[in-house]
Structure formats: C-alpha cells, structure tokens
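With these hints in hand, go ahead and build the complete structure from the sequences.
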Amino acid sequence: MDLIREVLDKQLVDRNEDRLGRVDSIAAELREDAPPRVVQFELGFVPLARRISIRLERLAAALHKRFAVRRSARYGIPWSQVTDVTMHHIQVDVIADETVAYDWERWLRRHFVKRLGGGSGGSSE
Amino acid sequence: MKKALQIALGVLTGIGGFFDIGNLVTGAQAGAQFRFQLLWALLLGTLMVILLVEMSGRFSAVTGKAIPEAVREHLGMRVWAVPFIVLILLHVLTLAAEIGGIAFALQLVTGVPFAVWALPVGALMWLFLWRATFNAIEYSTAILGMIALCFVFAAVTHHAPRNEVLAGLLPSLPSQEPAKYWLLAVSIMGAVLAPYMFYFYSSGTIEDEWDETYIGVNRFVAISGMGFGAVVTAGLIIVAAMVFASKGIQVDSVNQAALVLTEAFPFWGYALFAATLAVACTGAASEVSLSLAYTVSQTFGWHWGESLEPAKDARFALTYTVGLLIAALIPAIGVDPFKLTMVTMALNAMLLPVVTIPFLLLMNDRRLLREHANGLFTNVATVAIVLISVVLFLVSIPLLVRGG
Chain S
1 MDLIREVLDK
11 QLVDRNEDRL
21 GRVDSIAAEL
31 REDAPPRVVQ
41 FELGFVPLAR
51 RISIRLERLA
61 AALHKRFAVR
71 RSARYGIPWS
81 QVTDVTMHHI
91 QVDVIADETV
101 AYDWERWLRR
111 HFVKRLGGGS
121 GGSSE
Chain G
1 MKKALQIALG
11 VLTGIGGFFD
21 IGNLVTGAQA
31 GAQFRFQLLW
41 ALLLGTLMVI
51 LLVEMSGRFS
61 AVTGKAIPEA
71 VREHLGMRVW
81 AVPFIVLILL
91 HVLTLAAEIG
101 GIAFALQLVT
111 GVPFAVWALP
121 VGALMWLFLW
131 RATFNAIEYS
141 TAILGMIALC
151 FVFAAVTHHA
161 PRNEVLAGLL
171 PSLPSQEPAK
181 YWLLAVSIMG
191 AVLAPYMFYF
201 YSSGTIEDEW
211 DETYIGVNRF
221 VAISGMGFGA
231 VVTAGLIIVA
241 AMVFASKGIQ
251 VDSVNQAALV
261 LTEAFPFWGY
271 ALFAATLAVA
281 CTGAASEVSL
291 SLAYTVSQTF
301 GWHWGESLEP
311 AKDARFALTY
321 TVGLLIAALI
331 PAIGVDPFKL
341 TMVTMALNAM
351 LLPVVTIPFL
361 LLMNDRRLLR
371 EHANGLFTNV
381 ATVAIVLISV
391 VLFLVSIPLL
401 VRGG
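Chains as they are written, first to last, in our numbering: chain S, 1 to 125; chain G, 1 to 404.
What the hints contain is simulated information worked out from the structure, not anything from laboratory work.
Among the hints, a few may not be true.
Claimed, not checked - If we take Cβ atoms under 7 Å as the criterion, some of the chain G residues that face chain S in the derived model are:
1) GLU73
2) GLY76
3) MET77
4) HIS303
5) GLY305
6) GLU309
7) PRO310
8) ALA311
9) ALA314
10) ARG315
11) LEU318
12) LYS339
Stated by the list, open to error - Simulated coverage check for chain S against chain G, where a stretch passes if three residues somewhere in it have a Cβ under 8 Å from a Cβ of chain G:
13) 12-20
14) 48-56
15) 107-115
For each residue, glycine too, the CB sits at the ideal point set by N, CA and C.
Structure, rendered in structure tokens:
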C-alpha cells in the first residue's frame, strides 16, 4: 500500500461511521534489515502543522498548552485498530465521542452549544 | 416527480444564490457609467461560473466527496494549505459585505446608520443557521430570491434599445475612464465567480444526497440556475443604464443605487430595492456562512452537516458562529459595504486561480471520476478559465491602485 497516497490525509471514521478526523501524520518504526513498519496514525493540529513548517508546529504546540482543552496534542491510533480501508475512509474500532480527538467537540458542546439551546448531542454528558 | 421538484428548487436556488451584493453594486455602477458596454463581462463570468458549478456538482455526485475534503485527501495538506487560507479570507470578506448589505437595506428604510444594524443582523443570521435545516435554508433562499426578478420586469418596462444591448455582449474598448472600466469588468466577473458559489454547491450536492443518477439534473440546474441569475443581473445593468446613464449620474454608494427602481415603480421602487437588497444578501450570507463551515470542517475531517443539530457537530456550528461574528464586526466599525464589496469582488477575481487549480486537477483524475472526468471540451474550457483568471489577476493589481 502506498501510505502517502492511500492513507495520509484520509478521513477517519469510528465504529458508527461518525467522522473522527483525518490522518494528520503517520508514525513508523525503523527496523534493521526490514522495511519500516507503521506503528500508528496521529491526529492533531501539532502533527499536522509539523508537515507544513516547524515554526507552525511550535505555534500549534503553544496554543495547545495555552488552552489545555485536549488531553494530548497528538492522538495516536494503532494500525491494529483499523477495521476497514475504503476509497472514502479508514474505519477504526473506537467510539469517536470517547477519544482525545473529540475533546474539543465535547468541550464546545458543554460550554457553547448546550447554553445556546443547540441540543445535547444525545451523549451521556 | 421528486426529481422534477428538485430540479425546480435547484434552479430557484441557483438564481437566489447568484444574485447578491456583489452583483448589485458592480451592476448598478457598470450600467450607470458605461450603459450596456460591460454586459460582456457578465456573459463571460456566467459562462465560467456555469462550468465551475457544473463540475463541482458532478464531482460530488460521482465521488460522494465535497471539494475541500477531496483536495486534501488526494493532493495533500501542503498543496491545500494556501488555497484553504485564501478561501477563508474571501469567505469572511464576502460575508462582511453581505451583512453590510442587509444592514444598509435597514438604513435605507429606517434612517438608522448601517453600522448600528451590523451586529444585530449578524446575530439574526446566526439564529437562522442555528435553528434551520439545510433544506429550510435552501428553499427559503430560493423562494424569497424571486423578488430580484423585479429588475427583469423593470428592464422590460424601460424599453432599452435592443441593438445597443446586444452590442454590449461583445467586448469593446471604453470611450472614457479605462481604469474604471477594466476594474468594473474584473469586479463583475469576481461577483459572478465568487468561490463560495461552487464550494457551497459541492457540499449542497452531498447534503441533498445526489449521486451519479443526478449528473443530467446537475447540468440542467447549473446552466439554468446560473443563466437565470445572470438574466436578473443583466436586468439591473440595463435599468441602471436607462435611469442613471441618461442623466449622467455615477453610482458610488448604495444610497444612489437605491434609486434605480424608482422610475419603473414610482411609489415603492425605493422600498422594493431595499427589500431586494436585504433578501439577496440574506440568502448569500447564509450560503457563505455554511460554505465557510463546510470548508473548515471538511479540511480537518470534523463531523459536519447543516441538517444535524449543533450538538452533533459543535465545531461546524462554532465555525459559522465565529465567521459571522468577525464578518459582522467589519461593517459594525463603519467600513462602507459599497467599498468593501468592490475590493472583495476584485480579490475574488484575482485569487480565483489559487482556489480553482487544485479542483481542476481533481476533475481530470480518472481514478476518482472514471468516465465522468472532464472531457476535451470541458478541459479546454477549464484551461481558458484558468488563463482568464491569471490575466484578471495580473490586470487587477495596477487597476486596483489606479481605479481606487
């Protein structure tokens, strides 16, 4: 599989096909006498910014630290959790709403949407 | 039957979405100063927007993907980063101009300055988007947008000289003020070719769940919707020529443009203009706000959809909320909607290549579109679009400086 073409920037969906985010970077393991092996996908503004420039990565990291809503700047999904790869998306065996990738979504739902009467999102919160 | 209804609504939406403050401001000025001489810019812009809208609908119907998500997936974030930032800038400026237009319509009927109205108008737009579903927004924009047909009716009542009107469809050199002539030509095309049009249309195709069986419908809707929208704009140019140019009046504010319908409709022409301005800008502002939220959400892979309640896509809802707030602040601090529109429309034309080239690359990817990829005619036409855009880009800079 051509990782850059088929995987990087692809839409990730969870078990229920809710959009989880995109493959912002790929972490690979270098091995002696063997081709590199993909360890996990990474999601987050910091790994995404790194692909554009180191300065932008520093800015994203500083913003992440300042707001501290997301538990970690990089959210890794191991390759072993991939359940399906289609032309449209990569499906992973998680529930989006419970992941770090949804920390901002949950925070906004609680502090912004609920207060303005935009529904509860049907979550247990 | 269902498809026939969708076609009718699609065409109406096309007209509703086509006509906005950009067309009003550039059309009224063009008619007032150059009579029918700039109709060719409207014709060229319309041919270009039909091609782009048809392509964006075809792309999304076949691939099930909107343009921003497809560009990032297939060309990568490094390629998409610059067009993405340019698009956000153009969306916010266009949204500011549309909100300014609604606020100015309120100034026309109440006498209270537009700057006072800007933030309340932004808040009402937000409430509309927060509460309404995609179809409610689409249909109300479409049906209320019909009020703009008053320009076609007015144009007919003025009995414009047919030969002169037809001659205006061919490009000609200006007899006076060349810098203003070319700047207006660029701005008319920028108003017709506002990038939000085809980015919104692409996401709308997904919201409406169109698939490959809608390719013919898509072509018909693109041609007739945009075509009828252009007829309305042509009506405005013709009326402005008959009302203002014959008296030597130049239009350089919305206040002056507001008099354009007073000869055709002596008692209520002024109020009708204000109503048309408000309705056209409300329709466009809702489309621009959603287009902004679609573009950002699709780029980052967030959950999105105007028919979902905001709690299901909080980041999507936050994007249009922040967009509306920033955009409303621009007229609220007193930036004149007329001047803002002129600058924004010229920028639209200047930056068109940046936001269309990645999309054009995708339209030729046979892995994605198979037999629905661009054919020879469409490719030649799209290359022409890019070339014209580049020429507009190069011509715009000195004209912006000289034209003021």
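### Message
For a quick check of understanding: which of the numbered hints are violated here, in increasing order?
### Response
Failing hints, ascending: 5 and 12.
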